[in-house]
Amino acid sequence: MNAALRGRSAIAPWVLVAPFVVLTGVFVLWPLGQSVLMAFQQTFGPGHARWVGLDNFRAIFADPMFFTALKNTAVYTLGSVLIQMPLALMLALALNRPDIRGRAWFRLIFFAPSLVGVVFVAMMFALLFEKRTGMLNVLLHAITKHTPAPWNLDFPWLENFVMSALIVASLWQWVGFNMVYFLAALQNVPKDQIEAATVDGAGPIARFLAVTWPAIRPVAGFVVLLSIVGSFQLFELPYIMLNSSAGPENRGLTLVLYLFQTGFGVGDLGYASAIGWLLAIMLLTLAGLQRLIGGRREGDVG
Amino acid sequence: MSEGYARSMQGGLGGRAGWLAVVGLLLLGAGITLLPFVWLICAAFKKNEDFFVSMFLPPGDGFLGVGWDRLTFEHMVNLTTKLGLARAALNSIFLSSVTAVVATLLCAMAGYALARLRFKGSGLVSAFVVAMVAIPWPLLLAPGYRVLYQMGLLDTFTGLILPAVAPAFGVFLFRQATRSSVPTAMIEAARVDGCGEIMIFFRIALPMVRPMIGAFMLVTFLGMWNNFIGPQVVLQSPDKFPLAVAVAQLRGVYYQEYGLLMAGTLLAIVPVLGLFLMLQREFISGLTSGAVKG
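If you're matching them up, the sequences are chains F and E in order. All residue numbers for the first sequence refer to the numbering used here, where the first residue is 1 and numbers rise by one. All residue numbers for the second sequence refer to the numbering used here, where the first residue is 1001 and numbers rise by one.
Note that these hints are calculated values from the structure, not bench results. Just to be clear, a hint being listed does not mean it is correct.
To be verified - Think about it this way: if two alpha-carbon atoms lie no more than 20 Å apart in a straight line, the pair counts; the simulated EDC-like pairs of lysine to aspartate or glutamate are: (1) E/K1047 / E/E1074; (2) E/K1047 / F/E130; (3) E/K1047 / E/D1061; (4) F/K131 / E/E1049; (5) E/K1082 / E/D1239; (6) F/K131 / E/E1257; (7) F/K131 / F/E159; (8) F/K131 / F/D154; (9) E/K1047 / E/E1257.
To be verified - Partner residues are not named here, just some residues of chain E that face chain F (Cβ under 10 Å, in silico): (10) G1018; (11) W1019; (12) V1023; (13) L1026; (14) N1048; (15) P1138; (16) G1144; (17) Y1145; (18) Y1149; (19) Q1150; (20) P1163; (21) I1229; (22) Y1255; (23) F1276.
Even glycine gets a Cβ: it sits at the ideal position worked out from N, Cα and C.
Next comes chain F alone, as it looks inside the complex:
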């Protein structure tokens, strides 16, 4: 009977995994293989390609647009991680206090923006940053109306401060999402150690550094990595907010926006694939570094 069962179960598992394997093969592995080949091709739309060897990579390393995109992406990533992470952690610490009422409501409110699609966030913030009618300028003007230097209603956020505008929009969207991760991590903080530290007379900062931070460090590392990876793939926000362009002097050009422009604007999917590979290599290197650093620190503690 056992043998009969085994015979049957040799096919059944494959019936269950086959759809996943086939679809992944066709829509992930095949394109992945193609992307390797395409990085060495120049294409004219999806139907015509010619081999160009390493020309794509040579061109990219001599392409000022690519470096503009890389710089902008790095600035955006640094800006959003450095502002968002401490804020998310602060909100989580605040919501973790048992003496705060309505914590579920706060969590609901902070989390809600992350459900709104990036496209729709971009639509909203494009108009929030508008010159005469946008909420931000009108608000700043209303606050400063009676001061000697009232806010200029024509302040051009989307022209002069593209990156700040993008960082603010993504802060609004993701800070609550990251907060939920930190909040979950805070449940792992050993309460007896907090008590012991309090009894020993440790202040809030000392307690945070000695007990809380070591306990949430692995999750913090993960959230930072997730946020860096997400930031590096920024596309919709500038694409929509800047009206399908990269803004004045390409100030809003990001790596993926440039990949999109070369691949689907110009029609050179080969060049786009080469950019894609450079992006993937950067992200994998970052993930590897994070693992290396994270692993070593954990080793020190244990």
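Go by the hints and put chain E onto chain F.
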């Protein structure tokens, strides 16, 4: 929660003053978070000229000093009757529902097999799953487009749905869920009773991972609803566009029709926020399950 812990947390930022500071910070944060939503709702019903008069609702002599009679449903009517947003909404509902149901089923099947069945090649498939999660999506954008072109799937819903129904992270999540909530003993018992392997999955395993089914369906639904780059690249006929693309295209054409643009945006996010209000727990556990279970 012990008394000592509560006290130590209260002492965290200097007693009463600290508590006030924390509550102040939270209220301020919540206010800033809600402000764009409030602005959006007001803007969606405002006439264009009133954008220059007021930040939120136009002033007037109605209730609360608001000019209620100056508000308008015109944008909503125009969007749904003349500008094809009703069609786009249907497209979004169709694409998101089909993707959510099929992806959940396929991921649950594969996740169960990898967690509880032994078969040749299972190690390879598991390694696959982990490797796939690490691929950044922009890398597949250009080659994926060419593959869809070669298969003749450009400008079809099939070309949009098929690549989205077998996400590796879904298989990963269902493998974890199966491991933690489907006991091997139950499967063995069903086998002894003569139940087939496929029936065991549907009758026993699937009902036991129900919490993950709910959460994952919501996440994939939301993912397709908010997906912009996929339909933007794959679809060409305007009558096939989902809301994300249709609304974004309004900005190109009617870029100074503020009320119209915000009405379209509101129309697209209300269903999602409504779902969220009804099913908060599933949403939060689904969207953040990557870290906790990882």
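Which of the listed hints are not met by the structure? none
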